[in-house]
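Residue numbers (the numbering used here), protein chains in the order written: chain A, 1 to 258; chain B, 1 to 258.
Treat the hints loosely; a few may be bogus.
Unchecked claim - Now the stretches of chain A that chain B is said to cover, found in silico as 3 or more residues with beta-carbon under 8 Å: (1) 39-53; (2) 199-209; (3) 213-219; (4) 240-253.
No lab work stands behind these hints: they were computed from the structure. For clarity, every value in this text was computed on a predicted model and none was experimentally measured. Glycine is no exception: its CB is placed at the ideal position from the N, C-alpha and C atoms.
There are 2 protein chains.
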Amino acid sequence: MFIIGERINGMFKNVARAIVSRDKKSIQELAVAQLNKGADALDVNVGPASPNPTKDMVWLIQILQEITDKPLVIDSPSVAVIQESLPEVKNPVIINSTTAEDHKLQNLLPLAKQYNAKIIALTIDEGGVPKDAESRLELAVKIITHAQEAGLSPKDVYIDPVLLPVNVAQDHSPEVLKALREVKLLCDPAPPTVVGLSNVSQGAKQRSLINRTFVVMALACGLDSAILDPLDDDVINAIKTAEILLNEQIFCPDYLSI
Amino acid sequence: MFIIGERINGMFKNVARAIVSRDKKSIQELAVAQLNKGADALDVNVGPASPNPTKDMVWLIQILQEITDKPLVIDSPSVAVIQESLPEVKNPVIINSTTAEDHKLQNLLPLAKQYNAKIIALTIDEGGVPKDAESRLELAVKIITHAQEAGLSPKDVYIDPVLLPVNVAQDHSPEVLKALREVKLLCDPAPPTVVGLSNVSQGAKQRSLINRTFVVMALACGLDSAILDPLDDDVINAIKTAEILLNEQIFCPDYLSI
């Protein structure tokens, strides 16, 4: 699985403080820790409280590129922040995220094409998060159609079927699993899939258990990628084990140490 | 999920000793422990070294029926042992197991009908364990056809797609997952499915991790039942969490304590 480390995010107080104080060392250490635990890419999010999100994002991009050439995932709800940050990215880049809303697709898909970026696309539209798998797939079709019109391949569009917290939206998680399976039938090549894993356990007591159980179920349904905390060893070990059981990694007795 | 406790099995040395010495208390305590941890039924197997398997099986059935009215799963490779034990069973009963071999089907399906038993059917025939999902499904079709001819409903036939140890047969586990999904498309009503969970981790170091990862993946593929160790809390907690994420159990913050 393609693991996107979630920890460089201003939602975490220590990260928010490090951004404000331009504490480069703390951020770089957090990035290295995630990469050492198996992150294939780093999500970069200045957080909701940043007074100057573009400036903060550009700073994060610059200091992260000093220590890694892995893909950066530019994570912002603002089209302007994404647009102004993309010229700074020398590493492979993924935009996080568009939705199926017209104004988002119209602005972000051409940017993805221009900057040779991949893009994460949430199956959300003006009506919000769909209640079932079928409605999620309808929005996935809309997204892929628009992406192809903008010159992107479905391979460059990560469909995110929007995982909600199980404690308030329990009926959504089986629909997300179903959508993960069925999105692979929409076109050839099929788009890759991604989920924001930690969302599923927001507000719950057993966060790691819920996260690792869901990600393993999602892998059984064909999930390709997740934004998650690579510093949670139990989650990483569950993923390694699932990949072995799917015959995607070679079993050896000490596979957890590798 | 319908959990079948695996621990009353003469393969375990302490159980073998308890059977030989007719140590009723130890066996009954092991049964109660499994039922208290959530077992819905108890597998009963005298083990390969029993000098008198029918006599031992009948003794086990009698002492287990003193402490529970939950289903007993009469587990023996011998048609004769199953045939001679069935008249002793007053609890609901499941035969474990037939294969798709003609002589097994011819002998065991009529016994299931006669004793109003359900039956576990392994997708194995004279050629051994099939290498892929499709061949497993072919044998499932053969089993179900013969079962219907013998007067059983597909609902009474647990299809077991034969989980092999991942350390020696890694290419089988994804085929088992695929078979679990696709067997549900064979007929209506669909047969329930079952796996012998602990097989997957035979000979591996991380037995519990491999077991609980596989069972969660299998639940995402529609698994109905498993023969497993209910005394492994991590496995039971993973199953509870998966059932919540499938919206089959109601979430509450303390769901693990319930």
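Assertion that chain B covers the stretch 213-219 of chain A - criterion: three or more residues, beta-carbon distance below 8 Å: holds (count 6)
Are three or more residues of the stretch 39-53 of chain A within 8 Å, CB to CB, of chain B? violated (count 0)
Verify the coverage statement for the stretch 199-209 of chain A against chain B, using a C-beta to C-beta distance below 8 Å and requiring 3 or more qualifying residues. Our answer is that it holds, as 5 residues pass the Cβ test (under 8 Å) against chain B, meeting three.
Examine the stretch 240-253 of chain A for residues whose CB is less than 8 Å from any CB of chain B, and state whether their number is three or more. holds (count 9)
Hint 1 from the list above is the single one not met by this structure.
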